[in-house]
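Asker: Here is how the chains run, residue by residue.
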Amino acid sequence: QKEVEQDPGPLSVPEGAIVSLNCTYSNSAFQYFMWYRQYSRKGPELLMYTYSSGNKEDGRFTAQVDKSSKYISLFIRDSQPSDSATYLCAMTRLGFQKLVFGTGTRLLVSP
Amino acid sequence: GAGVSQTPSNKVTEKGKYVELRCDPISGHTALYWYRQSLGQGPEFLIYFQGTGAADDSGLPNDRFFAVRPEGSVSTLKIQRTERGDSAVYLCASSQGGTGGLETQYFGPGTRLLVL
Chain A
1 QKEVEQDPGP LSVPEGAIVS LNCTYSNSAF QYFMWYRQYS RKGPELLMYT
51 YSSGNKEDGR FTAQVDKSSK YISLFIRDSQ PSDSATYLCA MTRLGFQKLV
101 FGTGTRLLVS P
Chain B
1 GAGVSQTPSN KVTEKGKYVE LRCDPISGHT ALYWYRQSLG QGPEFLIYFQ
51 GTGAADDSGL PNDRFFAVRP EGSVSTLKIQ RTERGDSAVY LCASSQGGTG
101 GLETQYFGPG TRLLVL
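Residue numbers (the working numbering), protein chains in the order written: chain A, 1 to 111; chain B, 1 to 116.
With the rest of the complex left out, here is chain B (with noise of 0.2 Å):
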């Protein structure tokens, strides 16, 4: 498929467990987002990648959190010590990247993450 797509599609975990869950983008995007949709609320930003570098991580809610992409195409967002407060779907998304202006931001399915 053409399209983002997110590993896993779901994840149970318990509390203080630590977790990964991994996006590959649309092939050639360079730009890659992630943000987290708790249920009944839209998606919060997390951080954005261009490239290798996180561009923007002012989404992060603390140091639990971190992403990493070292060879600008596929993204792991790492949680250490998770809490119940972390449970929601974490979704990734891709753009051209570079364009200098606002660029379309394709979303994968997301990854359910339930902590018990």
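Bound-form chain A, shown alone (with noise of 0.2 Å):
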């Protein structure tokens, strides 16, 4: 079983949708917890991360860590086909830098 386990999609809807992303996890070591986009033949691009519990917002984007059921949500408002991507979860713990994702989930937003 790996660490974290993420849908890979994809995730169709249009545009305007509400989308809702999301990852569990095993390790409840893992402490930071990131969302990456990640374009086509692109690498990835940090979103947003959290630390710990809680809700962090950013524009139209939503992140959301429940610790007590290890699983993390990202929610995209007012999604635009420029959101079509994959995207994929990362955490790691404490005073380390290694990160560990998950597979990514694939989301078309169409026009």
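Since the hints were derived computationally from the structure, they do not count as laboratory data.
Glycine is no exception: its CB is placed at the ideal position from the N, C-alpha and C atoms.
Hints should not be assumed to be uniformly reliable.
As a list, the in silico DMTMM-like pairs of lysine to aspartate or glutamate whose alpha-carbon atoms are at most 20 Å apart [unchecked claim]:
#1 Lys56/A with Asp66/A
#2 Lys98/A with Glu103/B
#3 Lys11/B with Asp86/B
#4 Lys42/A with Asp57/B
#5 Lys42/A with Glu44/B
#6 Lys15/B with Asp57/B
#7 Lys98/A with Glu15/A
#8 Lys98/A with Glu57/A
#9 Lys78/B with Asp63/B
#10 Lys67/A with Glu15/A
#11 Lys98/A with Glu44/B
#12 Lys98/A with Asp56/B
#13 Lys17/B with Glu103/B
#14 Lys98/A with Asp57/B
#15 Lys17/B with Glu83/B
#16 Lys11/B with Glu103/B
#17 Lys70/A with Asp7/A
#18 Lys78/B with Glu103/B
#19 Lys42/A with Asp83/A
#20 Lys78/B with Glu20/B
#21 Lys70/A with Asp83/A
#22 Lys56/A with Glu103/B
#23 Lys17/B with Asp56/B
#24 Lys2/A with Glu44/B
Computed spacing ranges between beta-carbons, pair by pair [what the hints assert, rightly or not]:
#25 Arg84/B with Asp78/A: 36 to 46 Å
#26 Ser58/B with Pro111/A: 26 to 36 Å
#27 Glu14/B with Gly95/A: 22 to 32 Å
#28 Thr13/B with Asp78/A: 37 to 47 Å
#29 Asp56/B with Ser26/A: 16 to 26 Å
#30 Asp78/A with Val74/B: 38 to 48 Å
#31 Glu20/B with Glu15/A: 40 to 50 Å
#32 Asp78/A with Gly85/B: 38 to 48 Å
#33 Asp63/B with Asn27/A: 33 to 43 Å
#34 Ala2/B with Ser68/A: 38 to 48 Å
#35 Asn62/B with Asp78/A: 42 to 52 Å
Please dock the two separately framed chains into a single complex, following the hints provided.
Answerer: And the structure:
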């Protein structure tokens, strides 16, 4: 079993929809939780990160962490065709820089 | 450009050959990372440098893989006796380094390695 599980999709939504992306994990030592966006043939780009449990909002994006359930989410409001990409969750332990990634969820937003 | 650069962008080799992949980090970044991303998978950690030394090489799959960063800037990932299973995108990232907390890792576009 992988340390981080993520549905690979693809997830297809119409423009303007609210998108929910999720990951589960098994290592309770993870303290930092990140969401990366990766366009085709590009490297991952950090969208946002959260330390421990709680919510964080940045524009149209909201990240949630529920450590008791070992479950993290990324919500995208008013989705745009330009949001079409693969979204990777990643996490790491306090004091570590090694990131453990999920498989990524491919998101397709149609006009 | 100010980002992480990787060369070559694509590499095709034959099984059993030796390859070198190069990474130029963002100027001033002391931390450098290598990850491997297989098709349909997320990046998998290989090795992390702080300065010239490998701070964590726990992700290197076997002794065919080796990485160096002799002057604390450019890094080279070396793969000996390549196997078809080594085919993947090799990603390099860099971060500021030495902050003591979580550091944002900035990724390059990757080198696509195909072993025939």
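Asker: Does Glu103/B lie within 20 Å of Lys11/B when you go C-alpha to C-alpha?
Answerer: violated, 30 Å
Asker: Is the hinted range of 38 to 48 Å satisfied by the C-beta distance from Asp78/A to Val74/B?
Answerer: Once the Cβ atoms are compared, 42 Å apart, the range 38 to 48 Å for Val74/B and Asp78/A holds.
Asker: Is the Cα-Cα distance between Lys78/B and Asp63/B 20 Å or less?
Answerer: Given pair Lys78/B, Asp63/B holds - Cα atoms ~10 Å apart, limit 20 Å.
Asker: Lys67/A and Glu15/A were given as a pair; does the straight-line alpha-carbon distance stay at or below 20 Å?
Answerer: Given that 20 Å is the threshold and the Cα spacing comes to 31 Å, the pair is violated.
Asker: Has the given pair, Lys70/A with Asp7/A, been kept, meaning a C-alpha gap of at most 20 Å?
Answerer: Cα-Cα ~15 Å, so holds.
Asker: Is the hinted pair Lys56/A and Glu103/B satisfied, with a Cα-Cα distance of at most 20 Å?
Answerer: Holds: Lys56/A and Glu103/B sit about 17 Å apart, inside 20 Å.
Asker: CB of Asp56/B to CB of Ser26/A, is that within 16 to 26 Å?
Answerer: holds, 20 Å
Asker: Does Asp56/B lie within 20 Å of Lys17/B when you go C-alpha to C-alpha?
Answerer: violated, 26 Å
Asker: Lys98/A and Glu57/A were given as a pair; does the straight-line alpha-carbon distance stay at or below 20 Å?
Answerer: The given pair, whose Cα atoms are some 25 Å apart, is violated under the 20 Å limit.
Asker: Are Lys42/A and Asp83/A close enough, with their CA atoms no more than 20 Å apart?
Answerer: holds, 14 Å
Asker: Within 20 Å, alpha carbon to alpha carbon, are Lys78/B and Glu103/B?
Answerer: violated, 26 Å
Asker: Evaluate the given range 33 to 43 Å for the C-beta pair formed by Asp63/B and Asn27/A.
Answerer: violated, 27 Å
The earlier numbered hints that this structure contradicts are 4, 6, 7, 8, 10, 13, 16, 18, 21, 23, 26, 27, 33.
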